[in-house]
Amino acid sequence: MNLSTSVGDSGITRLAIGGELDVITVTELRAEIERVLANRPPRVEVDLSSLRMVDSSGVGALVSLYKRVRAQGGEVVMSGLRDQPLAIFRLLRLDRVMIGGELQAGKQTA
Amino acid sequence: MLDRLQHRDHTLRSVSQACKLVSDRVESPEWKEFRLQVVSAVSEAFNNIVLHGYEGREDGVIEVEIRTGPDHIDVELRDWGASFDPNKIPQPDFDSLPESGLGMYIIRAFMSMRYHPGKKGRPNVLVLSKALEGPAPSRGKT
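Residue numbers (this note's numbering), protein chains in the order written: chain S, 258 to 367; chain U, 41 to 182.
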């Protein structure tokens, strides 16, 4: 898994996750999520365009990120899902929050 | 325990390669979806055996047998860990955006599943099956 995080001037955090996010690599992501949450970001943008494969453990971590940022009053935007990760998100009905090809987890629509 | 999951990658590569044997429609959208679903389901099944079946154990054996035919694949996983009752695993409550309990749902959504719990030294046997569907004719290899 490739993981990179950057924080903009307004506190917006950009988290890019690439490669394979699974039960082995999710530990690294969960640690990064804790670091991100410690800053109480107003918005987290998750770039999944380089994510090749995700399993249920990885999905769980992303859902956790979504819930916890929102619980802090922030917003989560996920984008770039394709291929296997997109199929998994659709199967697990997480595409309920898709808007215009992007997952905007803070702004659910029908 | 997670170290053992590295063996999963060898299994998944083998399963992915085996998917190429079921059809001459390789790289078609239907086949790509077929392989995606088979690999995802087997990955979840392997994880479940290591994390739950062999929970608390330092080592364990998983035998994997892959059978292919025209437009069809069976992946059989045998283990000697704790067995489970598939009928007692609840469906996820999607309205609550669950963070766990999703693996079995993925397996069942993507493949047909038969499970035989082991008894008297015999292994638990999980057979995952899937047919490649689609309009184009196929010449599967055997």
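Some hints could be false.
Unchecked claim - Below, a list of computed lysine-lysine pairs in the DSBU-like style, where the Cα atoms sit at most 35 Å apart:
hint: 1; chain 1: U; residue 1: Lys60; chain 2: U; residue 2: Lys72
hint: 2; chain 1: S; residue 1: Lys324; chain 2: U; residue 2: Lys72
hint: 3; chain 1: U; residue 1: Lys159; chain 2: S; residue 2: Lys324
hint: 4; chain 1: U; residue 1: Lys128; chain 2: U; residue 2: Lys159
hint: 5; chain 1: U; residue 1: Lys72; chain 2: U; residue 2: Lys128
hint: 6; chain 1: U; residue 1: Lys128; chain 2: U; residue 2: Lys160
What the hints contain is simulated information worked out from the structure, not anything from laboratory work.
Checked hints:
no. : hint                   : verdict
1   : Lys60/U with Lys72/U   : holds (10 Å)
2   : Lys324/S with Lys72/U  : holds (32 Å)
3   : Lys159/U with Lys324/S : violated (42 Å)
4   : Lys128/U with Lys159/U : holds (19 Å)
5   : Lys72/U with Lys128/U  : holds (32 Å)
6   : Lys128/U with Lys160/U : holds (22 Å)
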